[in-house]
Each structure stands twice: as structure tokens, then as C-alpha cells.
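Once you've looked at the hints, dock chain B with the ligands against the given chain A.
Chains A and B, in that order, give the protein sequences.
Residue numbering for the first sequence follows the numbering used here, beginning at 8 and increasing consecutively.
Residue numbering for the second sequence follows the numbering used here, beginning at 227 and increasing consecutively.
For the record, the hints were derived by calculation from the structure and aren't laboratory data.
Just so you know, not all the hints are guaranteed correct.
Derived pair list, reagent style EDC-like, types lysine to aspartate or glutamate, alpha-carbon separation capped at 16 angstroms [claimed, not checked]: (1) A:Lys119 - A:Glu266; (2) A:Lys14 - B:Glu322; (3) A:Lys18 - B:Asp481; (4) B:Lys423 - B:Asp507; (5) B:Lys339 - B:Asp356; (6) B:Lys231 - B:Glu287; (7) B:Lys502 - B:Asp483; (8) A:Lys165 - A:Glu81; (9) B:Lys505 - B:Asp436; (10) A:Lys28 - B:Asp316; (11) A:Lys119 - B:Asp316; (12) B:Lys355 - B:Glu322; (13) B:Lys357 - B:Glu343; (14) B:Lys505 - B:Asp447; (15) B:Lys398 - B:Glu387; (16) B:Lys360 - A:Glu117; (17) B:Lys514 - B:Asp436; (18) B:Lys423 - B:Glu509; (19) B:Lys367 - B:Asp393; (20) A:Lys204 - A:Glu266; (21) B:Lys367 - B:Asp310; (22) A:Lys14 - B:Glu379; (23) B:Lys423 - B:Glu387; (24) A:Lys119 - B:Asp310; (25) B:Lys410 - B:Asp393; (26) B:Lys360 - A:Asp27; (27) B:Lys505 - B:Glu448; (28) A:Lys22 - B:Glu322; (29) A:Lys22 - B:Asp356; (30) B:Lys514 - B:Glu448; (31) A:Lys22 - B:Asp316; (32) B:Lys406 - B:Glu379; (33) A:Lys9 - B:Asp436; (34) B:Lys303 - B:Asp334; (35) A:Lys119 - B:Asp393; (36) B:Lys246 - B:Glu233; (37) A:Lys136 - A:Glu260; (38) B:Lys246 - B:Glu228; (39) B:Lys367 - B:Asp350; (40) A:Lys18 - B:Glu509.
Owing to the predicted nature of the structure, the values given are computational and were not obtained by experimental measurement.
Residue-level listing of the chains:
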Amino acid sequence: MKSLIYKAFIKKDLKTVFGDKIIYLPFIILPVIFCVILPAGFIIASNFMSDASVNDNFKEIPLPEEFQSLNLREKFLYLSLNTIFPSLFLLIPIMSASIIAGTGFVGEKENKTIESILYTPVSVSEIFKAKVLSALIPSILFTFVSFIIFFIILFIGKALSSVEIIIPVVKWFTLVFWLSPALALLAVLFMVLVSAKAKTFQQAQQRIVYIILPLIIIGIGQISGIFILNSLVLFIAGILIFTCNYFLFKFCEQSFVPEKLIT
Amino acid sequence: MELIKAESLCKSFGNHQVVKNVSFVIPQGEIFGFLGPNGAGKTTTLRLLNGLLFPDSGNIEINGSPLSSENISNVHKISGVVTDTAEFYDYLTGYENINFFGQLFGIDSENLKSRAEYLFNEFDIFNAKDKIVKSYSTGMKKRLKLMRAFLNEPKILYLDEPTSGLDPEGSKLVNEYILKQVSKENITVFLCTHQLKYAQDICSLYGFIDNGSMIAYGTFDELRNKVDDSLYLEIKGKNLDNSGSQFLKLKINNDNDASEIISTVIKNGGIIFEAKQIKIDLEQLYFKIRSLK
Ligand SMILES: Nc1ncnc2c1ncn2[C@@H]1O[C@H](COP(=O)(O)OP(=O)(O)OP(=O)(O)O)[C@@H](O)[C@H]1O
Ligand SMILES: [Mg+2]
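Next comes chain A alone, as it looks inside the complex:
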């Protein structure tokens, strides 16, 4: 019974969100840039560059012991693919979750469809859970698909490239299967929170910067070698975000009441 309702919501929300053609754009552009063009670009560039052209800053970055033996081009490729890239990659779950949740939650209010749902026998807390799931599940699946595309590019690169490509599988898996879902949920709940105040989808969408900003800072931090994230750090970050999500979820669920939704 419940799962049927969740399924109905997911199907309906996907149709509603993607019925608006403009929304397709980020869902095509994000994976194409982050999972195809950029990684392929780095791999190709590393094959055509000379050691001397590698930026001095790269040489300074402290790499784990086992990578000290890499030559500069390999180091360049390792750093770009596995330290700068992860923070870029995390934009995928965040952006997709916030777009779907934004259209889902603000859209229901903006288009006065929320009241229609409230007249059905489905309880308010079930509606809330269904809405969260219907934003979360597609964005996580989308992230996984993007990741598969990214890995295919990496493995093709590995086969063709003359520069050795090292792929830290554990780190990537932690990132994709643990940290990404955590961030996707955070983005969904964050959108629920701001959509309570925001009158339009655009307004709500702009606030997502608050989640993206820390990521960009971490990304820059990595490039300049201030800190390098390893699997353990990513895992702990995931735990922290999930804990934060738990409280945020409770808070949002409590403020998800008909009286506030229909006025």
C-alpha cells in the first residue's frame, strides 16, 4: 500500500519535473561536462604535455607514500582526476536533487496541486516522505549512472593513454555510494526548508549555493594542496551529513503541515 503510493509519487514527479523541457538541460549538461569532457580532456592533455609544463604547484602537493614514485604527468593526472574531480562530481547529486525537490515541493505549492493531495486519504507525513523519496531516488540513480559513465571514460583512458592512470576505487566508491546519497538527501531537505519561505522555484533554487559553496572551498583547498581527502575522511563526512539529515528531516516533517502549505 505505502510502496504503491511512493511509486505513484515518483512516477508523477518525474513526469511533472521533466514535462518542463528547460529542466532537461542541467541533466544532460552536468554529466556530459563532468563525466565525459573534463576527464577525457585531462587524460588527453596529460598525454600531450611535457613534464616541464606541469604547474609548479602540482609538484608541491603532498601525495600518499605509494604515489611518490609517479612521474610528474602521472601525478598531474592523478591529482586532477582524483582530488579536484570528486568535489566537482558531488555537484551532480546536489544539483539533481535540488532541481527535482525544488520543482517537487515549491511546484506543488506554486501550482496549487498540494491541496489536491491533502484531500486524499494519504496522511500528511506519508505525503512528506513520498515527496522526499521521489526527489531522492531519481537523483541518486542519476548520480550512479553519471558515475558509470565517468568510470567508462576512465577505463577507456586507461587502455589508450600512455600515461598511467591510477584509479582509487575505494575512494570513489565511498564518494559515490555513501557521500553522494548523503548530500542528495541534504539537498532535498534543504530545498524543503527554503521552499517553505520561497514563493517561486527560482528563489528556492538560488539558495542551493549555500550547499555548493563549501564544496567549492574544499575543491580549491585540494588544488592548492591544503588538504587531500581520503576515503576515511569521506566516510566520516558522510556520517556527519547523515546525522545532520536526520535532525533536518524531523524538523521539516514537523513543519510540513496543511495550514502552512495551502496559504
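Frame of chain A, contents of chain B with the ligands only:
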């Protein structure tokens, strides 16, 4: 049996009191016309009855049990609602919308399919069922809303301006369908409107609300009895009285009065072309009652 019972309902938004001490009872099978000007508190009352808003004070009983957060779901199962503030998904087709809401009502897929097809036909929008709702006209959306309200075979129907935006054929179709359901299934209707002519056509019980307060409540005849000059006999003809009048308008109480007057006029040599009883209509009644308050 009393299907809807509202007792001393009060509701404020901030310090603006929108519903003030409103009470009424709607027995099963009645069509209750809840009439009042814009901003009177009709939609707010409808939302209170459906548990979307909680009253500040007062009690609501639906189908014999008090409305509480535990049984809202059961109340919704037997209710159908049409209001301008409950819309459809623009990018889903009419059928997909109906299918989605049907699923939320827990209707299994086979029943849902046949029920939807039947209703698409009844409301004469079968040809549009696979078009997205964004492409529907106002009237088509209204028909779709009415059909959604009937989807779960409700015992209680809440209609907020059900015929606004409909063409004459549409209004006729909707009224006939509502009346048919009332007589066939004995459903109970809570109807908000400010179209008084329309209300008079279909309602059996009335409540006048103004500025949040119920200023009158009862059947048409009960309300008419409150304003005394309410039934007349109008006669057109020649030599209707001693002074040879061609037109008479006399206050009467019932059919007997009317026939007595007519036979007296004829006995006295008057010639009658036309005689009719004029009841005060709902519109006059409404303004009269409002002016008394
Ligand atoms: N959520 C709300 N917050 C504040 N005020 C509200 C809210 N909902 C309704 N009101 C106010 O309550 C009053 C009654 O509104 P309501 O919608 O019940 O009127 P109505 O009788 O349905 O009017 P109409 O015929 O225009 O539909 C109005 O003055 C309106 O501004
Ligand atoms: Mg209204």
C-alpha cells in the same frame, strides 16, 4: 442521519477572525447551499470540515464521528472535493492525473481504469483524456475536477463554485449528474456559491454566511417565513375590483387564499387573463435577510 455537523466553529488567521461561531447540521441526502459574498469564509469553512485547517474552537462531526487527526484519512475516503484552490498537474494528461489521484485513494488499478473511463464519458471529456492538462480550457479542467471528486464514489461532496467557468451545457450536465447521484446514492452535498439562481435550482437547505457569521440557516420555506411579506398573488385582467383595476398584487399565505381571491374576482364580474403566485426568490430573500442584519 446527520452526515455533517458543525458546532460553534471559530477560526482566525492572525488577529483576523474569519469564521465566527458557525453551526449547522446537514442530514444525509441534502444539498446544503452555503451562500455568502467574497471573503465571507466559505472556503475556509470547507477546509475546516476536511481537516486541512484546525478550528480555534468548536467541534466537527462527519458521518457520525468527531473529526480528529486520527480519522481524517477515513473522512477523506468518503469525501469528494471540488475547489479552485486544488489543481491538477499541468504536464500530466487528464488520464494520468486521474490515475494518480485514484491511486492515492487506494482504488485498485482495474476498478480505477473502468471507473475513470466511465466518468470521462459522463463528463464529456473522453476525447481529451490523453492530452496534457495544460492544454485544457477552464471548463474542461472544471469537468475533470468534478470527475475527480466522484472518483471514489463519495458519500459527501464538497463543491466550491462547481459551475463557475462552465458553459450552459456544462452546468446543466453537472447539475443533472449531481442531482442524479443525490437521488440514486443518497449522497450529501456541501455547496459553496454566490450564484443565487443556481443555488435555488439545486439546494434543499441553505446557510447564509456574511463576514464569518451565519446570519440565516434553514430550508427555503423556513427562511421565507422569517421575512413576512413573502407570498403574493398577481392577477392581470379587466374589472378586477370595484375601481376597475387591470392589475392586482395581493399578499397570500397559501393556495387556498389564492383560489378564494380568484373566485371572488370572477363572482364580481372580473375577467382574468393571468394569475400567478409570486414567491420571493432566493436572491430577494438573500438581500432581505442581509439587510435585516
Ligand atoms: N490562510 C489565510 N491567511 C490569512 N487570511 C486568510 C487565509 N485564508 C483566508 N483568509 C481570509 O479569510 C477570509 C475568508 O476567506 P475565504 O476564502 O474563506 O472566503 P470565501 O467565502 O471562500 O470567498 P470567495 O467567495 O471569494 O471564495 C478572507 O478575508 C481571506 O482574506
Ligand atoms: Mg472561496
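Status of each hint after checking the structure:
1. Only pairs whose Cα atoms come within 16 angstroms are accepted, and A:Lys119 paired with A:Glu266 is accepted, the gap being roughly 13 angstroms.
2. At roughly 14 angstroms between alpha-carbon atoms, A:Lys14 and B:Glu322 fall within 16 angstroms of each other, so this suggested pair holds.
3. A C-alpha spacing of about 63 angstroms is found between A:Lys18 and B:Asp481, which places the hinted pair above 16 angstroms, so the restraint is violated.
4. Distance hint between B:Lys423 and B:Asp507 is fulfilled; the C-alpha atoms sit about 8 angstroms from each other, no more than 16 angstroms.
5. Proximity of B:Lys339 to B:Asp356 is assessed by CA-CA distance (about 13 angstroms); at most 16 angstroms being required, the pair is judged to hold.
6. Straight-line distance between C-alpha atoms of B:Lys231 and B:Glu287 comes to about 5 angstroms, which keeps the hinted pair within the 16 angstroms bound.
7. Under the criterion of a C-alpha separation no larger than 16 angstroms, the hint pairing B:Lys502 with B:Asp483 is consistent with the structure, at around 12 angstroms.
8. Note on A:Lys165 and A:Glu81: the hinted pairing holds, with a Cα-Cα distance of about 12 angstroms set against a maximum of 16 angstroms.
9. For the hint linking B:Lys505 to B:Asp436, the alpha-carbon distance of about 24 angstroms lies beyond 16 angstroms, and the restraint is violated.
10. Restraint check for A:Lys28 and B:Asp316: the C-alpha separation of about 13 angstroms stays at or below 16 angstroms, so the hint holds.
11. Annotation: proposed proximity of A:Lys119 to B:Asp316 holds, straight-line Cα distance about 11 angstroms (limit 16 angstroms).
12. Restraint check: the Cα-Cα separation between B:Lys355 and B:Glu322 comes to about 8 angstroms, which is no more than 16 angstroms; the hinted pair holds.
13. Using a Cα cut-off of 16 angstroms, the hinted pair B:Lys357 and B:Glu343 holds, with the two alpha carbons roughly 15 angstroms apart.
14. At most 16 angstroms may separate the alpha-carbon atoms for a hinted pair to count; B:Lys505 and B:Asp447 meet this at roughly 10 angstroms.
15. The suggested pairing of B:Lys398 with B:Glu387 holds, with an alpha-carbon distance near 14 angstroms, which does not exceed 16 angstroms.
16. For the hint pairing B:Lys360 with A:Glu117, the CA-to-CA distance comes to about 15 angstroms; that is within 16 angstroms, so the pair holds.
17. Our distance criterion of 16 angstroms between C-alpha atoms is met by B:Lys514 and B:Asp436, whose separation comes to about 13 angstroms.
18. Restraint check for B:Lys423 and B:Glu509: satisfied, since their Cα atoms lie roughly 7 angstroms apart, inside the 16 angstroms limit.
19. Taking the CA atoms of B:Lys367 and B:Asp393, the gap is about 12 angstroms. The hint holds against a cut of 16 angstroms.
20. Distance restraint check for A:Lys204 and A:Glu266: the Cα-Cα separation of roughly 14 angstroms lies within the 16 angstroms cut-off, and the hinted pair is therefore satisfied.
21. With a C-alpha separation of about 10 angstroms, the suggested pairing of B:Lys367 with B:Asp310 holds against the 16 angstroms cut-off.
22. For the given pair, A:Lys14 sits about 24 angstroms from B:Glu379 by alpha-carbon distance, which is inconsistent with the 16 angstroms threshold.
23. The hinted pair formed by B:Lys423 and B:Glu387 meets the criterion: a straight-line CA distance of about 13 angstroms does not exceed 16 angstroms.
24. For the hint pairing A:Lys119 with B:Asp310, the CA-to-CA distance comes to about 9 angstroms; that is within 16 angstroms, so the pair holds.
25. About 25 angstroms separates the Cα atoms of B:Lys410 and B:Asp393, which puts this hinted pair outside 16 angstroms; it is violated.
26. Distance restraint check for B:Lys360 and A:Asp27: the Cα-Cα separation of roughly 11 angstroms lies within the 16 angstroms cut-off, and the hinted pair is therefore satisfied.
27. For the hint pairing B:Lys505 with B:Glu448, the CA-to-CA distance comes to about 13 angstroms; that is within 16 angstroms, so the pair holds.
28. For the hint pairing A:Lys22 with B:Glu322, the CA-to-CA distance comes to about 10 angstroms; that is within 16 angstroms, so the pair holds.
29. Note on A:Lys22 and B:Asp356: the hinted pairing holds, with a Cα-Cα distance of about 14 angstroms set against a maximum of 16 angstroms.
30. About 14 angstroms separates the Cα atoms of B:Lys514 and B:Glu448, which keeps this hinted pair within 16 angstroms; it holds.
31. A threshold of 16 angstroms between alpha carbons decides the hint, and for A:Lys22 with B:Asp316 the separation of about 10 angstroms falls inside it, so the pair holds.
32. With a CA separation close to 13 angstroms, the supplied pair B:Lys406 and B:Glu379 stays within the 16 angstroms bound.
33. Pair hint A:Lys9 plus B:Asp436 does not hold up; C-alpha atoms about 42 angstroms apart against a cutoff of 16 angstroms.
34. Between B:Lys303 and B:Asp334 the alpha-carbon distance is near 14 angstroms, which keeps this suggested pair within the 16 angstroms criterion.
35. Between the alpha carbons of A:Lys119 and B:Asp393 the distance comes to roughly 24 angstroms, so the proposed pair goes past 16 angstroms and is violated.
36. Proximity of B:Lys246 to B:Glu233 is assessed by CA-CA distance (about 11 angstroms); at most 16 angstroms being required, the pair is judged to hold.
37. The straight-line distance between the Cα atoms of A:Lys136 and A:Glu260 is roughly 8 angstroms, inside the 16 angstroms bound, and the hint therefore holds.
38. Of the pairs offered as hints, the one joining B:Lys246 and B:Glu228 is violated, with about 22 angstroms between alpha carbons and a cut-off of 16 angstroms exceeded.
39. Between B:Lys367 and B:Asp350 the alpha-carbon distance is near 12 angstroms, which keeps this suggested pair within the 16 angstroms criterion.
40. A hinted pair counts as satisfied when its Cα atoms are at most 16 angstroms apart, and A:Lys18 with B:Glu509 does not qualify at roughly 48 angstroms.
Violated hints, listed in ascending order, are 3, 9, 22, 25, 33, 35, 38 and 40; each of the other numbered hints is respected by the structure.
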